[in-house]
Amino acid sequence: MTDTVTIRRALLSVSDKTGLVDLGKALAAKGVELVSTGGTAKALRDAGLDVKDISELTGFPEMMDGRVKTLHPKVHGGLLAVRDNAEHVASMNEHEIGAIDLVVVNLYPFVQTVAKGGTREEIIENIDIGGPSMVRSAAKNHDFVAIVTDPADYAIVAGGETTLAQRRKFAAKAYALTAAYDGAISQWFATVDQGETFPETIAITGARVSELRYGENPHQAAALYVPHGAKEKGLAQAVQVQGKELSYNNYNDADAALELLAEFRDAEPTVVIVKHANPCGVATAATLVEAYEAAFKCDSVSAFGGIIAVNRPLDGPTAEAISGIFTEVVVAPDANDDAKAVFAKKKNLRLLLIGEIPDAKRGGLIAKPIAGGLLVQNRDNGAITLDDLKVVTQRQPSEQELQDALFAWTVAKHVKSNAIVYAKEGVTAGIGAGQMNRRDSSRIAAAKAAEAAETHGFAEARTKGSAVASDAFFPFADGLLAAVEAGATMVIQPGGSMRDDEVIKAADEAGLAMVFTGMRHFRH
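201 is the number that our numbering gives to position 201 of the sequence shown; each next residue is one higher, with no gaps.
Fair warning: there could be bad hints in the mix.
Claimed, not checked - Mimicking DSS-like on lysine-lysine, the simulated pairs with C-alpha atoms at most 30 angstroms apart in a straight line are:
1. Lys416 - Lys505
2. Lys368 - Lys345
3. Lys345 - Lys416
4. Lys231 - Lys116
5. Lys464 - Lys505
6. Lys42 - Lys74
7. Lys17 - Lys231
No wet-lab data here; the hints were simulated from the structure.
Just need the whole structure built from these sequences, with the hints factored in.
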């Protein structure tokens with residue numbers, strides 16, 4: 001084995017012809033013999049290059065609509081032969097197998113064919129067999145053979161020779177490609193073709209977008225990946241208009257804000273403020289700036305250094321209001337020039353434009369690593385309407401109370417459990433998150449509302465006359481009684497506790513209206 005290998009023969013067979021001709025010309029200028037197949041050979045010949053057909057190399061014609069062309073000992077022998085092994089060299093001489101020093105391959109567009117809605121027959125035909133076989137053979141024998149699968153790497157081999165370090169890097173990249181390719185095929189067969197939600201084997205692969213400054217803490221490393229074949233777009237595809245590099249926590253918190261905002265994609269102007277992946281203020285109003293001011297006043301202490309997401313293109317007045325305090329990230333579908341000019345004065349603020357807000361009802365799977373395993377579940381895309389609500393108290397809720405209840409319920413879905421959310425007239429009044437019991441969440445939310453009233457000069461806490469949502473049932477009446485103390489008049493909760501009758505009785509005695517949803521929204 002030598003470190004530097006001079007390329008004397010190259011086999012080129014690509015689906016994506018980007019950069020092919022330029023590479024072919026560069027190699028030919030170095031005296032490299034070009035061997036190729038089908039459309040790749042034609043493209044090279046049309047550029048005036050001398051190309052040997054693969055059939056000349058193997059002695060067999062391409063057959064079966066091109067399914068069989070490179071699956072031959074004279075191809076794979078030329079790729080797999082260990083050049084400093086005497087027995088291998090003898091076999092090559094005996095069977096007239098010539099060495100191949102470079103393979104340039106990219107694979108049939110399987111993922112793209114699925115994405116564009118191809119028929120089952122078209123999808124199956126776009127499963128590459130010969131390509132991955134050559135990739136794997138060349139990558140295995142990287143001591144002597146360079147395998148290039150990415151047009152971005154063409155310039156490295158255009159000079160006619162490769163180093164061992166380059167070939168090792170190419171090999172690693174090649175196996176990552178075939179792993180992702182086979183993973184996409186296996187998942188299509190399992191989930192689409194066979195209709196399995198949780199196949200026996202799950203393949204999760206992705207492409208690195210960037211390495212981040214650090215993870216949740218400075219001693220942790222982190223990176224951002226995009227799953228191969230991902231259809232939906234979100235933060236990973238956002239355009240960052242300004243601000244320093246996003247951190248792991250920025251992405252995590254901004255995603256929490258975007259997921260909640262998605263619930264209000266088609267609503268009136270809505271602003272979501274998130275801190276440490278929990279909403280601390282949500283409001284819907286006639287304008288974005290009014291919505292921001294209302295959401296901010298829910299918990300102005302927590303809003304400092306938070307993440308803000310809006311469901312309308314950002315305007316100048318809203319940007320001015322947001323700029324009143326330190327904000328880490330603002331996520332918006334778009335922003336006008338006035339808003340951009342305002343934020344340009346805040347050099348550390350990151351402005352992310354996402355274009356289209358995701359659909360809260362979209363499907364898909366989410367995964368969470370645990371020690372020794374991986375938990376996988378469907379996304380929580382459950383939603384309820386007025387028709388799904390069951391009134392369980394003597395007092396019937398008013399129309400306004402029902403609207404407040406649905407608003408509070410929607411927000412509570414995105415609050416870490418145990419979750420309690422008070423809301424009134426399209427504005428969160430108080431949010432209690434992540435407590436070990438529901439009573440404490442009720443009390444914390446009420447305390448935040450009382451503090452907000454004192455801070456902003458409200459006549460009374462906005463929990464007075466509000467609706468309160470609980471992400472899961474009240475196991476005891478104490479959590480509900482805490483809401484009564486805060487002034488709530490309406491309760492929305494899943495129901496289903498062994499003590500439902502006790503809780504309903506407490507609601508009746510307090511004169512509350514209460515509805516059951518029959519659906520819970522734990523979020524851990």
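A quick look at each hint next to the structure:
The hinted pair formed by Lys416 and Lys505 meets the criterion: a straight-line CA distance of about 28 angstroms does not exceed 30 angstroms. Using a Cα cut-off of 30 angstroms, the hinted pair Lys368 and Lys345 is violated, with the two alpha carbons roughly 39 angstroms apart. This hinted pair does not check out: Lys345 and Lys416 have alpha carbons roughly 34 angstroms apart, beyond 30 angstroms. About 11 angstroms separates the Cα atoms of Lys231 and Lys116, which keeps this hinted pair within 30 angstroms; it holds.
At roughly 21 angstroms between alpha-carbon atoms, Lys464 and Lys505 fall within 30 angstroms of each other, so this suggested pair holds. A distance of roughly 22 angstroms separates the Cα atoms of Lys42 and Lys74; the hinted pair therefore holds under the 30 angstroms criterion. Under the criterion of a C-alpha separation no larger than 30 angstroms, the hint pairing Lys17 with Lys231 is consistent with the structure, at around 24 angstroms.
In terms of the numbered hints stated before, the structure departs from hints 2, 3, listed from lowest to highest.
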